[in-house]
Amino acid sequence: MFSKGTKRKFSDGGEEISDESLLGARVASSYSLQRQSLLDMSLIKLQLCHMLVEPNLCRSVLIANTVRQIQEEMTHDGSWHMVTEAFCSAGQSPSERLVATEVLCRSREQDAEPKLFSVISYEGCREEEVVADETLCSVSVSDTVSNVCLAGRMGQCWEKSELSGVERDEEALEDSRLGSGEDEEIDTEDGASTESPKTIGQVFGTFEIKNGSPGPDSALEELFSDVDTSYYDLDTMLTGMQSAPKMGPYDLLDSLAPSHSSPSIVSTPNCRSDLNELDHIMEIIVGS
Amino acid sequence: FSEKGQSADIISTVEFNCSGELLATGDKGGRVVIFQREQESKNRLLSRGEYNVYSTFQSHEPEFDYLKSLEIEEKINKIRWLPQQNAAHFLLSANDKTIKLWKISERDKRAEGYNLKDEDGRLRDQFRITTLRVPVLMPMDLMVEASPRRIFANAHTYHINSISVNSDYETYLSADDLRINLWHLEITDRSFNIVDIKPANMEELTEVITAAECHPHQCNAFVYSSSKGTIRLCDMRAAALCDRHSKFFEEPEDPSSRSFFSEIISSISDVKFSHSGRYMMTRDYLSVKVWDLNMENRPVETYQVHEYLRSKLCSLYENDCIFDKFECCWNGSDSAIMTGSYNNFFRMFDRNTRRDITLEASRENSKPRAMLKPRKVCTGGKRKKDEISVDSLDFNKKILHTAWHPKENVIAVAATNNLYIFQDKIN
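Chains as they are written, first to last, in full-length UniProt numbering: chain A, 1 to 288; chain B, 1 to 427.
Be aware that one or more of the hints could be misleading.
[What the hints assert, rightly or not] Stretches of chain B that chain A covers, calculated by requiring three or more beta carbons in the stretch to come under 8 Å of a beta carbon on chain A:
hint: 1; stretch: 207-216
hint: 2; stretch: 258-267
[To be verified] From the derived model, a few chain B residues whose C-beta atoms are all more than 10 Å from chain A:
hint: 3; residue: Lys28
hint: 4; residue: Lys103
hint: 5; residue: Glu112
hint: 6; residue: Arg150
hint: 7; residue: Asn220
hint: 8; residue: Glu318
hint: 9; residue: Asp334
hint: 10; residue: Ser362
hint: 11; residue: Gly380
hint: 12; residue: Arg383
hint: 13; residue: Ile388
hint: 14; residue: Asn409
Think of the hints as simulated: they come from the structure by calculation, not from any bench.
As the structure is a prediction and not an experimental result, all values here were calculated from the model.
A virtual CB, placed ideally from N, CA and C, is assigned to each residue, including glycine.
Please model the complete structure; the sequences and the hints are all you need to start from.
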């Protein structure tokens, strides 16, 4: 079950690697290779997590923390920057490289404004407002008939771009073993991924995510851009609603209400209706 | 020790009721099977009652969440019994999202001689009813019925990992990865959120709740454990939202054994109060720790479950075994603790004598009524006869769920899809 000769590794000191020569350099490079392989393994695990609709949150958190630990150590070693440079020489565009480094160097506490992008692409849709403090980072607008785009929030933690890169370029991850895993730095600022960029944020947010396939209807997309997606947050639902909603596609149109209003308003203006009808309905609501 | 095996779906939880007369198991298929102990026969002084199937019912069905396009597993994560207050028995069973209160009652009589319907239930012709009679209760074969009395749903966004009945017998808590809710047993349409560790930005999430339990005597206190190896004791009298703990239990890390796996193996998979309420026990990947509630900075006792795995952590990480969640339990007098391991081994520790024993739950190695043989894992060098080397352990055979009778030396051990019940023979 175990590969023979698997030793306890990665402890500070690395003195357990007895087969290596005693030269410090050899020990160090063996340690860093092992650390690298642990990093790769962890990233693959996270990637597999993301492919599940509902990953085990505890497991994902633990793996993500492990990845972070490795990265921190590698940053202190200086080996992270070496790796960045190596990657840059592989011919990435300058802007991507810059962003990658910037993301790496930024500490986790810096909370720059999160970028929003849609995970599932269909032509033209790039950003979608995700509302409110309480919403999780990713919220789904569920629609069985025409699957709608999914909003995601692009965090600033290094893992985000890293993992997105992994998602994109799986072959590169396998192939480039030397200082590998650095494809992670492929920046996804443009958000124009054809698959779903899977970030750590996405992992934790997948409980709210429905990964729908891209819908071709751009008119629908326009309509949904105004939807108060906090509606679909379970927290909001529990406080605002009596029962779990089971929405069909046209219910969503009906529920296009000003943000933060209660979703249980019975008659809300249908955005496709005439102005007259709108007035009529407003009269009813206002009670005049 | 005598043994009883039961083949079924993978068992996911095992729990004795408060008297030990009943033993409930939940499985991956959403079913609950309850065993009842036979009344001891006065003639056979040396035999203890055996456990036989008492009731089987489907507690949870797979569900589909249309909004999120997710299937909700029917696997029973936890069963907890309510203290018995009348002839019927009540238990709570929980899957990932929903908790149900089940009433298990016996029926051994039926009414006969109805006026308006026949024995087979058909309505009688009204013209033929000429007299009035009182129905009579006649004995019938014992029937055990399970009926759902309450369904507590829609309160958990994340997967429920624990439920715990409060000592007030009116409320209970349910915990998922990020939140803990307090319910009243009579009220299903709302619950109070008492702990919420979800960060505003999910990308900052680094810690989840792994287990929670109410204090056995103080109905205001409960604990919850985390994936970072910490335990928080909270007092519900202090605030409505118990985000600030009253006590914080954490053992400082040993810097010499630090590795990239340190955090993962420190993640607590189970927390259990002692029956006395003075101690609590936590299970992490390699050890079981007993904590005195009055001392927060370190446990009072630490027991190594399978220290020989420490050198194999990388492989165990690779095959995901490092994420296995083992449970632990106390015996009735709090003098011994038990937990499971791999290769169908389980371990028992005597807190007073500091002796420990490794036993195996498997059909091949134990015949009914035979004594269980202690097992030993050889960690290196020469393997003695009867020892097993670490590399030949079967990591697919894991004992995650064990339970100890509240009063006697009877234990239930779930080995994948088999249930073993062992009893201490007292000569």
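Hints breached by this structure: Number 8 only.
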